[in-house]
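**Q** The lines below spell out each chain.
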Amino acid sequence: MESKRLASPYLVWMAIFTVVPLGIVVWYAFTDSTGAFTLGNISRMGTYWPIFLKSIWLAILSSFICLLIGYPVAYTIAGASPKGQRLLYMLVMLPMCMSFLLRTLAWVALLDDTGIINNLIRSLGLKPLPLIRNDAAVVLGMVYNYLPYMIMPLYTVLLKIDRRLTEAAEDLGCRPGEVFTRVTLPLSVPGIISGFTMVFVPAVSTFYISQKMGSSGTTLIGDVIESQFKAAYNPNLGAALSLALMVLVLACVAIMNRFSDGEEVATI
Amino acid sequence: MSKELIRLVDCTMAFDGETVLNSINLTINNKEFLTLLGPSGCGKTTTLRIIGGFLKPTSGDVLFDGARINDLPPYKRQVNTVFQKYALFPHLDVYENIAFGLRLQKLPEQEIDERVTEMLEVVSLKGFEDRKVTALSGGQQQRVAIARALVNRPKVLLLDEPLGALDLRLRKDMQQELKRIQQQMGITFIYVTHDQEEALAMSDTVVVMNEGLIQQIGTPEDIYNEPVNAFVADFIGESNILDGIMREDFVVETFGRRFQCLDKGFQKDEPVDVVVRPEDIDIVPVKDGMLTGTVTSITFKGMQYDVIVDFKGFKWLIQTTDSPKVGERIGIKIDPDGFQIMHKSKYSGLYGDYSSFSEEYEELSDAEYDPENGEEGETREASDGE
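Residue numbers (the numbering used here), protein chains in the order written: chain A, 1 to 268; chain B, 1 to 386.
Think of the hints as simulated: they come from the structure by calculation, not from any bench.
Note that this is a predicted model, so its numbers are computed, not measured.
Worth double-checking, as some hints may not be accurate.
[What the hints assert, rightly or not] Here are the simulated DSS-like pairs of lysine-lysine, each with C-alpha atoms no more than 30 Å apart in a straight line:
no., chain 1, residue 1, chain 2, residue 2
1, B, Lys56, B, Lys76
2, A, Lys83, B, Lys56
3, A, Lys160, B, Lys85
4, B, Lys85, B, Lys56
5, A, Lys160, B, Lys132
6, A, Lys160, B, Lys333
My request is simple: use the sequences and hints to build the entire structure.
**A** If you want it as structure tokens, here you go:
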């Protein structure tokens, strides 16, 4: 009873800042500009399917690359001495102290056709490279910005794995590599899933990275939603798209949680 | 039975310059149940981890069947370990936990199945194949850990305080069970514990350790009846340890009186430590007593009373089925075989006086604490000291 009462401020917070806005989004999604009920917003969404798919594809790709880069990093940090762990962990977190916008703009300055890298290449007498305004640049931006979200949960899970379990595996005949595949990796699955989710969710809904680093062909669903609210001034369609995106994200998260076999997973 | 299997030669282990093991020499025979016994920090777990291959001794050699195995990694050793708190794999069920080692050997599925089933029977866990290990009780997890180690048919099973997390009743059952399994499988068990009762009940050989040194190696009877120094006498069971002088063979003088004993081979008038076990003392009327003292406290322990008796300021523990009254003058009688005479060691004078009964004694026996008696003993001790 006592603990329930202590949680009540949080419930109020949830009601005001989560449930009510969600209700407003739903209400907008099913009304037109006059406020009358309509399914028109939903039916018009069909034209945005390719953009939805592209957003999901790029988000999955970046999450996967984050996993490939983040796992060895997290593994190294978790295996370091306590002092080394603090230092390495701080280095991973340090870029996050800077503004997200600034970090993305810094990449633009690096990769632009007249940016630092291409100027260097030109000064060597070579042809400049098309480093920006393509899908790869958008994925790069996503990976760079969201990598810490992958490393954090992986590091936490790897750190929690009981040293005795890896010793027991060795004792029972595992070579060093087999200890990893048979014990460490399976036990870190919850961390992989939380990391994947934590990268996928912001990546699928981003708009700034694709605007700055992508081309007109890499318009993502986040860009469309943003433009509906700001440029096109059609908040009803924007709300409908947001709603659809939310359903898609929840579906993806649910599918990913399936893999964890009901084990504890930190969702978003 | 007595073929040598493992030998530690001058094994020293130091962590950051701190010596944890100091030149240990130990021979372990095939099919033996050997226990490393000692208080925490004595080096027993370090010794076990050296045999298991998780630690390399700073200096010295580890021999297995005559071959040096210092640098052999754990997965190549014919040794398996039952870890403290079991270390079962939480992502695998009971069956797969036990099959873990066999799968690594890439044995055919049918053989794996046969051997796992056989092990489940040995540890009485038939029908638990598909359970999650996290859903098992402590005792059941313990059995899975033993089965998981034994299914690989190791030559040696190492057990690191395997019963520490179980309650008293279960611990007693598992002691019997472990002894049975060891005899059934016919392999060597090296068992680490700080529980002296456990060590005495199960072992063929007990190795008593303290401060990185082996204090004594012997059968449980030897260790209990013939402790070599005050540390062993105090750590194994309860002991009254008195200052004495060996006047001649078979005669020891303590408390200003000469007693008959069965020990010989000491120098004439050599100062010695005299051990008298609490159960070897008979309470008799004052006029028949070899010594007389005053009862200061009595604790009922079920099977017997623990009586603390003050003899000229030195408090003895006597275990008896009689129940004298607090404050009563009593006499005591000790038979010659009730004395164990030990050379003086660096542990002399540290143990064996029950004046500090309330702290030391209660800590050792896990028994219910009677604050009234305890406090009384303590205040008296304080006033005695001043």
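**Q** Work down the list of hints and note, for each, if the structure agrees.
**A** Structure-based check of all given hints:
At roughly 14 Å between alpha-carbon atoms, Lys56(B) and Lys76(B) fall within 30 Å of each other, so this suggested pair holds. A C-alpha spacing of about 25 Å is found between Lys83(A) and Lys56(B), which places the hinted pair at or below 30 Å, so the restraint holds. Restraint check for Lys160(A) and Lys85(B): the C-alpha separation of about 16 Å stays at or below 30 Å, so the hint holds. Taken as a hint, the Lys85(B) and Lys56(B) pair is honoured in the structure, with Cα atoms around 23 Å apart against an allowance of 30 Å.
Distance check on the hinted pair: Lys160(A) and Lys132(B) sit about 20 Å apart at the alpha-carbon level, within 30 Å; holds. About 60 Å separates the Cα atoms of Lys160(A) and Lys333(B), which puts this hinted pair outside 30 Å; it is violated.
The structure does not agree with numbered hint 6 stated previously, though it agrees with all others.
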